[in-house]
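Engineer: Spelled out, the chains give:
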Amino acid sequence: MNELKELTWQGLWKNNPALVQLLGLCPLLAVTATLTNGLGLGLATTLVLIGSNTCVSIIRNWVPSEIRIPIFVMIIAAFVTIVQLLMNAYTFKLYQALGIFIPLIVTNCAIIGRAEAYASKNTIGKSAFDGFMMGMGFTLVLILLGGFRELLGYGTLFDGANLLLGDWATSLKITVFETDSPFLLAILPPGAFLGMGLLIALKNVLDNHMENIFAANKKSKVVERARVTTES
Amino acid sequence: MNFKLASSPHQHVRRNTGQVMRMVILALLPGVLLQTWFFGWGTLVQVMLAIITVVVTEAAILELRKKDFESAIKDYSAILTAVLLAISIPPFAPWWIVVLGSFFAIAIVKQLYGGLGFNVFNPAMAGYVMLLISFPVQMTQWLPPAGLAQYSHNFNDALYVIFTGFSVDGFSIAQLKTDYDGVTMATPLDTAKTAIAQNLTYSESIELPIFDSLVPGIGVASSWISLGYLLGGLYLIKQKVINWHIPVGMLTTTVVCAIIMSIADSDVYPSGIFHLLNGSIIIGAFFIATDPVSACTTNKGRLVFGAAIGFWVYVIRTWGGYPDAVAFAVLIMNMAVPLIDYYTRPRTYGHSPIKTNKRGINDE
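From first to last, the protein sequence lines stand for chains A and B.
Count along the first sequence from 1, then add 1; that gives the number in my numbering.
Count along the second sequence from 1, then add 57; that gives the number in my numbering.
No wet-lab data here; the hints were simulated from the structure.
Computed from a predicted structure; not experimentally measured.
Backbone N, C-alpha and C define an ideal beta-carbon position, used for all residues, glycine too.
Among the hints, a few may not be true.
As the list claims (entries may be wrong) - Some chain B residues near chain A, calculated using beta-carbon distances under 7 Å:
#, residue
1, Tyr170
2, Met187
3, Ser191
Chain A with its partners taken away, still in its complex shape (with noise of 0.2 Å):
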């Protein structure tokens, strides 16, 4: 049970993917102009990082050790076919929206990084929960940019969640603000480096305030240090 608290705690936070590793940066950049895109693109990605990390972990033992990478990228593909087909068949919309960044799923580094560090060296259950919350870590970062992005850029939140979610996501759209001038920077890729390096900022500032709390906890007893000469 630690085991698995340890997990989560490193997924969405302390070994965040997007904010700490800092791997996948491309999807990441490129496709979070929306919430809706984002939390598309950070869903697909957590499929494809549960069923590789699974499958890493199930042939772990007999995978050679020297041609251990291309085995792994072909099983990593071969979930991200089945979740391009699965996308095209079912929200075709945002699969249109996507476009490359679907199977461009495979090189992200984040995927083979998990079944490269933990899979393939673990359990099959340990191994899948890993990826399904080095996923959520991700898809929490996508969903939080993409929120901020679109907030920023159009006003509205949830555009488009139809195109994920069905006929009944339509209404989950909010307009915050009606413009006639969408803010193009945050829209454009400069915005996603700007909200990226924010988000990132803001982690930082949150574990150091964090850090400090608990130093000041703990601080153990100060012996005051009694002076013995005369002042000079």
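Take the given structure of chain A and dock chain B to it, following the hints.
Structural biologist: What follows is chain B alone, placed relative to chain A:
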């Protein structure tokens, strides 16, 4: 007796940052006044809005960073940024444009990198580029210069247009933009670029009313405003606030490029004097590229830096998507500053020239 020890350079007249920045602002005055004369009171309103925004932003962020904000504001660097940004944007742009741009310039481009002396990019130009790519419509609403416009406008009109979008008499900015023929007017560079793109020759394009000035091919307002900034720039060089290397490098390169291309095909490529006196190249050369923080620090480096900016200005003006390019060129070259500084290190007095091998590493 108390002998004060100070490191070189030993100047007789010690100038602090505040004095230098105030001199630069003073040198901008002739140009700013001419710009106000030609484009109306909007320019001064924008300058005031920008100054208020930068002072508030700078104070707030320095307070967050737990630094002394009084001395930081007294060094006038933020105010100079505000003035440069405000005179770059169209005088009648809505108020939130200049507020957003100034906030971005100070908060993101300057303070997030560590404040004065640490910013990689020129804050005013980064703010301008942010506005230009974000709000292309508002950022291209230049009015026709005084004397060519159909409707005149006074100080109240400027305030009304900036804050509500309509003048006192209810004219929208689109109506104010029309000239005496009732045709909407573009800036000289834009006019020539569009005309040439429509298969007019360069000599035909400069017969349009906006070029109706003393020298053929120069916009009515831009020639006088450019001369105003040139005057201020020469004053700065005389006062040794800036060196001649960057302006000379930049202006020469643009003009040489223009002359070569116009010899090759004078129907399509405008002349050197056209590039020199239209657009923002003069103010860019003397006031923007010479920013002491984000420019090169060695004299040889400054020449290279200026020349490269001049080159990019010509390339983007001629083949790029935007009519003018000083802001883009300065930002591109800001990125190259560490590299240029590295390869143009001056020889230390008493030492032989630095020998570097192919990888640029000192052999000794």
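Engineer: Now tell me, hint by hint, if it's right for this structure.
Structural biologist: Cross-check of the supplied hints:
1. Tyr170: violated, 11 Å
2. Met187: holds, 6 Å
3. Ser191: holds, 4 Å
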